[in-house]
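Participant: Next come the chains, spelled out residue by residue.
There are 2 protein chains.
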Amino acid sequence: MPELTREEVASWDEADPLRSFRDEFELPDGVLYLDGNSLGALPKKTAARLRQIVTEEWGRDLIRSWNAHDWIRYPRRVGDRIAKILGAAPGQVVAADSTSVNLFKLLSAAVGLGGSRTVILSEEENFPTDLYVAQGFSGLLGRCRLQLVPRTALVAAIDDDVAVVTLTHVDFRTGEMHDMRALTRLCHERGALALWDLSHSAGAVPLHLDRDEVDFAVGCGYKYLNGGPGAPAFLYVRRDLQDSLLNPIWGWFGQKGQFDLKLDYEPNAGVARFLVGTPAMLSLAAIEPGIDLLLEAGLDRLRAKSVRQTEYLIGLWEALLQPLGFSLNSPRDPERRGSHVSIGHPDALRIDQALIEEMNVLPDFRYPDNIRLGIAPIYTSFAEIHEAVTRICRVMSERLYEKYSAERPEVT
Amino acid sequence: MPELTREEVASWDEADPLRSFRDEFELPDGVLYLDGNSLGALPKKTAARLRQIVTEEWGRDLIRSWNAHDWIRYPRRVGDRIAKILGAAPGQVVAADSTSVNLFKLLSAAVGLGGSRTVILSEEENFPTDLYVAQGFSGLLGRCRLQLVPRTALVAAIDDDVAVVTLTHVDFRTGEMHDMRALTRLCHERGALALWDLSHSAGAVPLHLDRDEVDFAVGCGYKYLNGGPGAPAFLYVRRDLQDSLLNPIWGWFGQKGQFDLKLDYEPNAGVARFLVGTPAMLSLAAIEPGIDLLLEAGLDRLRAKSVRQTEYLIGLWEALLQPLGFSLNSPRDPERRGSHVSIGHPDALRIDQALIEEMNVLPDFRYPDNIRLGIAPIYTSFAEIHEAVTRICRVMSERLYEKYSAERPEVT
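Protein sequence lines correspond, in order, to chains G and U.
Everything in the first sequence is counted per our numbering, starting at 42 for the first residue and increasing by one.
Everything in the second sequence is counted per our numbering, starting at 42 for the first residue and increasing by one.
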């Protein structure tokens, strides 16, 4: 690779208006981290916030913290901050449970509202665990079914039987992004509800859930939101639907007058009825600093940088990696792309291992042949992208991947 | 109160074989903490463990931690340690989600196994949120129903329609403890399954789930386990039932070959199929130090101390509080009692507030008239019990409660 490019790239980083945000994260020396789409990096302020909730709130104020530090409303307060990232007014988002559990709740609510419509429609390309949740829910309930179609057949399949269409906004393998506004409108025209999984878009792509009249959304807190491993997920329910919906899992945090401990459940008003059990306070508190950084950086600026970076990366692929046998598994059009770029190769799994073990580059691998290169514009630099591609070239030229197995280790 | 007693009490603490464990906890100066049955205190090692997982695992090793630090099996590893507290062999417990979500999963599994039996049986005295979960599940499914009876009618109600009996082992108001072994046996004799909520017993009362042939159990991590606010809950499924049961919420942590990301769900072998989404790693890591301390102290020694302490407290009630109009809402027989003592009073709510605000005593209040005095034998001292009763007497003699409202503040 020409030296010229490296210098040019350094000048881009210097001119980057978001450059200072990188200093807000703990990033280990020498590691090229391109997996913020799987586990976001640690904001420096998070360690301090955790010390505070552990020492001062739990340790010192003990049970009083539920009131003194308003723990009781924490899932809703964090939800309202996430709402800003989603383009949603307050009172429509809570942070709680996992993405899968939240999806279960909202599918149930949606089907409950669907009247005689009994189909949950999704695409075969959807994140498998989302499909598992829908399969399991359909099997449990008996009176609805999951219909799976290829992406190309999706629009035609939204018919009078469909209660809810559930899709992931940005595809976890390819980074391909749906047109949320258009598809949601189409669902509504055909009498169906729209439920979006925003796990690969929240924090990376500007979202407009209110403007786009989205009915339901879920998403995870540990990718571009930088909320920490297994951070509580979020769910969004459009305000005008909330009070006609039932959460299938009735717990005391969703109950009206939670501490009255009455014998019969009466759902709380608003989105709070989608809470269930006691919130995992430590994990919940760890989400906040990352959200604040994203809001401070601004989603439009982050998106602009992300597009420049993925475009640059695709340019490098074209010049340097395509000749080495790598395919581009992500869309060329940045309007149809999230914030990661997938490149394919027949030896992708072995190359991925060599990058991690030999090169200190951390992408990740997704079956069958995707090496995902995640851009987290709040901390990823242009120089890192340049260097990562340089190291990929070295893995190929020195055949460093050959000593790794093409068999995936089994995780049990 | 006679000085003699105070001295005598101090000598009990000095002779207490578990005395050193108190130093393992951060307890704020001057506060008499009698609410470990609601939120356990902070083990000193927990702050260090959290620093480690935040800085070294999340911050430094990033995505590699799923393998390098075996995060992937963490819910099962923590589960196996909790199992020791529950009297259960490994491979039957996972730490995940909330108690309510876990109860939902196990009720569904139990009803699925129940054949033509369609009743979920519980008692009106059960913790309301457990009843909410059962109500919600029954309403969702349609083909089963919750039958609620008073405790006195429970045994007679276990008939041929009952698929599962779900009870809380130690009553959250009174501390009354069921005979788990006898009731489980009775359920089995009548063809029903037994599901126990151990939230108020795990860590305070020796449990023998395997010996007692319990089918299912759930419980929370933040009371006597000292796992931190909203710590992940646990669930237990008897080994020989596991592979014939279905978790209703199908997520990738319950899937066989999780990272194969196949289109169709196939439940993992064993208790792992009751996992759902990505575990809340920070909250999960915070559970471990508290569990280790309990195991080191030994459940039998903890129970022996707890019984001595609740007996002592009831003795003080009899001598000093009963004359002031306090009732004893807990059983007199220690064999039928958990580790908290409830005292009642017509002004209980106001007295509770005065104790917190004026006296630095932290019990808690449960409707309608229970002041719960929680004994966490791993850190509660005899001197604290003595001092707490002294302060209750002072609240009464100086009528310090009169300025507080008898109206509960509404939590929304």
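FYI, nobody ran anything at the bench for these hints, they're computed from the structure.
Be aware that one or more of the hints could be misleading.
Given that identical chains are not distinguished, each listed pair holds provided it fits within a single copy or across any two copies.
Below, simulated BS3-like cross-link-like pairs (lysine-lysine); rule was C-alpha separation at most 30 Å, straight line [to be verified]:
1. Lys125 <-> Lys444
2. Lys297 <-> Lys85
3. Lys303 <-> Lys86
4. Lys444 <-> Lys85
5. Lys444 <-> Lys303
6. Lys297 <-> Lys444
7. Lys125 <-> Lys303
8. Lys303 <-> Lys85
9. Lys86 <-> Lys297
10. Lys444 <-> Lys86
Participant: Please go over all the hints and tell whether each is borne out by the structure.
Facilitator: Hints, one by one, checked against the model:
Taking the closest pair of Cα atoms, Lys125 and Lys444 never come within 30 Å of each other, the shortest separation being 47 Å inside a single copy and 42 Å across copies. For the homomeric pair Lys297 and Lys85, neither the shortest alpha-carbon distance inside one copy (37 Å) nor that between copies (36 Å) is at most 30 Å. When the C-alpha separation of Lys303 and Lys86 is checked against a cutoff of 30 Å, the pair qualifies neither within a copy, at 40 Å, nor between copies, at 38 Å. For the identical chains of this complex, Lys444 and Lys85 are neighbours neither inside a copy (37 Å) nor across copies (45 Å), given an alpha-carbon limit of 30 Å.
Taking CA atoms no more than 30 Å apart as the test, Lys444 paired with Lys303 passes between copies only; the shortest distance there is 27 Å, against 64 Å inside one copy. Taking the shortest alpha-carbon separations for Lys297 and Lys444, only the inter-copy value of 28 Å comes in at or below 30 Å, while the best intra-copy value is 60 Å. In this assembly of identical chains, the alpha carbons of Lys125 and Lys303 never lie at most 30 Å apart, being 35 Å within a copy and 34 Å across copies at closest. Proximity of Lys303 and Lys85 under a CA criterion of 30 Å is satisfied in neither setting, with 43 Å inside one chain copy and 37 Å between copies.
For the identical chains of this complex, Lys86 and Lys297 are neighbours neither inside a copy (34 Å) nor across copies (37 Å), given an alpha-carbon limit of 30 Å. Taking the shortest Cα distances, Lys444 and Lys86 never come within 30 Å of each other, neither inside one copy (40 Å) nor across copies (42 Å).
Consistency with the previously given hints fails for numbers 1, 2, 3, 4, 7, 8, 9, 10, ordered from lowest to highest.
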